[in-house]
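Chemist: So the sequence lines, in the order shown, correspond to chains A and B. The opening position of the first sequence corresponds to residue 1 in UniProt numbering, with each subsequent residue numbered one higher. The opening position of the second sequence corresponds to residue 1 in UniProt numbering, with each subsequent residue numbered one higher.
Treat the hints with care, since some could be wrong.
Only some residues are given here: those of chain B computed to face chain A with a beta carbon under 7 Å [said to hold, decoys possible]: (1) 45; (2) 63; (3) 64; (4) 266.
No more than 27 Å apart at the CA atoms, straight line, and that leaves these computed lysine-lysine pairs for DSS-like [said to hold, decoys possible]: (5) A:35 / B:31; (6) B:160 / B:246; (7) A:60 / B:32; (8) B:35 / A:262; (9) B:32 / A:35; (10) B:139 / A:18; (11) B:32 / A:32; (12) B:35 / A:18; (13) B:31 / A:18; (14) A:18 / B:74; (15) A:60 / B:35; (16) B:25 / A:32; (17) B:74 / A:60; (18) A:60 / B:160; (19) B:18 / A:60; (20) A:25 / B:160; (21) A:35 / B:25; (22) A:31 / B:160; (23) A:32 / B:246; (24) B:25 / A:70; (25) B:181 / A:261; (26) B:160 / A:18; (27) B:139 / A:25.
These are computed hints drawn from the structure, not numbers from a lab. Just so it is clear, the structure is predicted and the values come from calculations on it, not from any experiment. We put the beta carbon where it would ideally sit given N, CA and C, even for glycine.
Number of protein chains: 2
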Amino acid sequence: QVTSPSGEGTDAVVILEKTPFQEEKVLDLLKKHTKLELQMHNDIYSTYHLYPPPELSEIKTTVVYPATEKHLQKYLRQEVHLIRETWEDYKNITLPFIQSQSFSIQWVYNILEKKAEADRIIHENPDPCDGFVLVPDFKWNQNQLDDLYLIALVHRREVKSLRDLTAEHLPLLRNILQEGKEAVAKRFGVPGSQLRIYLHYQPSYYHLHVHFTALGYDAPGSSVERAHLLTDVIDNLAMDSTYYQKRALTFALRADELLLKKFQEAGRV
Amino acid sequence: QVTSPSGEGTDAVVILEKTPFQEEKVLDLLKKHTKLELQMHNDIYSTYHLYPPPELSEIKTTVVYPATEKHLQKYLRQEVHLIRETWEDYKNITLPFIQSQSFSIQWVYNILEKKAEADRIIHENPDPCDGFVLVPDFKWNQNQLDDLYLIALVHRREVKSLRDLTAEHLPLLRNILQEGKEAVAKRFGVPGSQLRIYLHYQPSYYHLHVHFTALGYDAPGSSVERAHLLTDVIDNLAMDSTYYQKRALTFALRADELLLKKFQEAGRV
Numbered sequence: 001q002v003t004s005p006s007g008e009g010t011d012a013v014v015i016l017e018k019t020p021f022q023e024e025k026v027l028d029l030l031k032k033h034t035k036l037e038l039q040m041h042n043d044i045y046s047t048y049h050l051y052p053p054p055e056l057s058e059i060k061t062t063v064v065y066p067a068t069e070k071h072l073q074k075y076l077r078q079e080v081h082l083i084r085e086t087w088e089d090y091k092n093i094t095l096p097f098i099q100s101q102s103f104s105i106q107w108v109y110n111i112l113e114k115k116a117e118a119d120r121i122i123h124e125n126p127d128p129c130d131g132f133v134l135v136p137d138f139k140w141n142q143n144q145l146d147d148l149y150l151i152a153l154v155h156r157r158e159v160k161s162l163r164d165l166t167a168e169h170l171p172l173l174r175n176i177l178q179e180g181k182e183a184v185a186k187r188f189g190v191p192g193s194q195l196r197i198y199l200h201y202q203p204s205y206y207h208l209h210v211h212f213t214a215l216g217y218d219a220p221g222s223s224v225e226r227a228h229l230l231t232d233v234i235d236n237l238a239m240d241s242t243y244y245q246k247r248a249l250t251f252a253l254r255a256d257e258l259l260l261k262k263f264q265e266a267g268r269v
Numbered sequence: 001q002v003t004s005p006s007g008e009g010t011d012a013v014v015i016l017e018k019t020p021f022q023e024e025k026v027l028d029l030l031k032k033h034t035k036l037e038l039q040m041h042n043d044i045y046s047t048y049h050l051y052p053p054p055e056l057s058e059i060k061t062t063v064v065y066p067a068t069e070k071h072l073q074k075y076l077r078q079e080v081h082l083i084r085e086t087w088e089d090y091k092n093i094t095l096p097f098i099q100s101q102s103f104s105i106q107w108v109y110n111i112l113e114k115k116a117e118a119d120r121i122i123h124e125n126p127d128p129c130d131g132f133v134l135v136p137d138f139k140w141n142q143n144q145l146d147d148l149y150l151i152a153l154v155h156r157r158e159v160k161s162l163r164d165l166t167a168e169h170l171p172l173l174r175n176i177l178q179e180g181k182e183a184v185a186k187r188f189g190v191p192g193s194q195l196r197i198y199l200h201y202q203p204s205y206y207h208l209h210v211h212f213t214a215l216g217y218d219a220p221g222s223s224v225e226r227a228h229l230l231t232d233v234i235d236n237l238a239m240d241s242t243y244y245q246k247r248a249l250t251f252a253l254r255a256d257e258l259l260l261k262k263f264q265e266a267g268r269v
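Next up, chain A with everything else stripped away, as it sits in the complex:
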């Protein structure tokens, strides 16, 4: 994705996107007027530069013109930085930052209290301490199982993130793992062995929740620098109740995120 301002007084946003291959055109691509240049050869492996004819390499182009400042900002690339947060960093930088923010999580409470999305609930364990509600994530339209995405929201309200978890929360976490898998299998026919079940750190809101996504779906936020498998979290806590109050945790922050500024001010980036 590329953004380029026009030079003529008024700005434009131009978005260029390479589109997926179309299966029925692949044979043409390998035959038709295609220039091939050897780049590297080692044993049975070789790599080439292939230069396809224009009609086989369409680029999807979107133009916003005239574009306002807001349009320009929306499409500008943000640099990301990896943070390795020790427990001391959490106490001194991250926790005060979370507490100073007033992220509204009213929408979470609305779901837990059945004031919103009550008809969307897939499963509930009503226990106030070890219970949770399982709902489809906003990002999933439920039209196909390929990008299945559900969220388990815990009933208890004082657990902000992974950093707050101890062995005390094992019954809750095991309920989510076990009942969540069963509910998804029952409702959607997707077995537990085809689910990626994980927490985010940092999460996007500080009320404990667990992500359920289709294993074959390259879900945003499922990469190693953000996702923590629930099974691993359970094993870590079973091994050491204070695991998440000891260990350094890695996550990425975009250049415009306030938390990054806090780490920079503390000389930790």
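Take the given structure of chain A and dock chain B to it, following the hints.
Modeler: Chain B only, in chain A's frame:
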């Protein structure tokens, strides 16, 4: 990604990948012999089909020839299953399976012995025990930093995977982390805070190696069910030398993979 067998008795795998845009070529793309076809117009928004000249729409092509049945299977689309492998599973199922296979890693030895790709080496620590070679991964064409991908291959040959690691390997792993980051910063100007540095489990070949990818790049195999951050691996081993001979590890296997069959036969799936 497309796979196509040749029709001539011996099979080949052909992988076609569209590569990221190169920033310095975007202006050419918008000017030079580029056919533009209006598709949709609404207020300030419009979309086009853009047909670029061949030299501006390179497709990265990888050929495996001759390809074995195993190579063909590797690239065909398959259902995936999540496995939670205990240490007993590793000893009783995975290790015997690895030992029974004869997947050639001659290409790794070729690199370590400078018989191939010697001119591509970015950095080397020649120590036979704690040293390694850093090379660009086959998947990266080195034209742009967006999809930067390098591999550190260790010189010692008896370490198959994460499962073999103990505190004994900490000097090696710390060298890879430290020197790898420095070498990438020096050669490519990408700081360590913008690198995702990790191991795969299961790896695709059983000679210890570490992946370096651009943090902003959604690299294949960087998701939580396969990737293990090198910093986490180091912390785990520093905490407990036998961590990886104790812990259950999660990974996905495609339906056609022999190892899945072994887990099924053992009643573990």
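Chemist: All hints, please: hold or fail.
Modeler: A quick look at each hint next to the structure:
| no. | hint | verdict |
| --- | --- | --- |
| 1 | 45 | holds (6 Å) |
| 2 | 63 | holds (5 Å) |
| 3 | 64 | holds (6 Å) |
| 4 | 266 | violated (15 Å) |
| 5 | A:35 / B:31 | holds (22 Å) |
| 6 | B:160 / B:246 | holds (17 Å) |
| 7 | A:60 / B:32 | holds (17 Å) |
| 8 | B:35 / A:262 | violated (48 Å) |
| 9 | B:32 / A:35 | holds (19 Å) |
| 10 | B:139 / A:18 | holds (18 Å) |
| 11 | B:32 / A:32 | holds (22 Å) |
| 12 | B:35 / A:18 | holds (15 Å) |
| 13 | B:31 / A:18 | holds (17 Å) |
| 14 | A:18 / B:74 | holds (25 Å) |
| 15 | A:60 / B:35 | holds (12 Å) |
| 16 | B:25 / A:32 | holds (24 Å) |
| 17 | B:74 / A:60 | violated (31 Å) |
| 18 | A:60 / B:160 | violated (44 Å) |
| 19 | B:18 / A:60 | holds (13 Å) |
| 20 | A:25 / B:160 | violated (41 Å) |
| 21 | A:35 / B:25 | holds (19 Å) |
| 22 | A:31 / B:160 | violated (41 Å) |
| 23 | A:32 / B:246 | violated (55 Å) |
| 24 | B:25 / A:70 | holds (26 Å) |
| 25 | B:181 / A:261 | holds (23 Å) |
| 26 | B:160 / A:18 | violated (38 Å) |
| 27 | B:139 / A:25 | holds (23 Å) |
Hint compliance for this structure: hints 4, 8, 17, 18, 20, 22, 23 and 26 are broken, all remaining hints hold.
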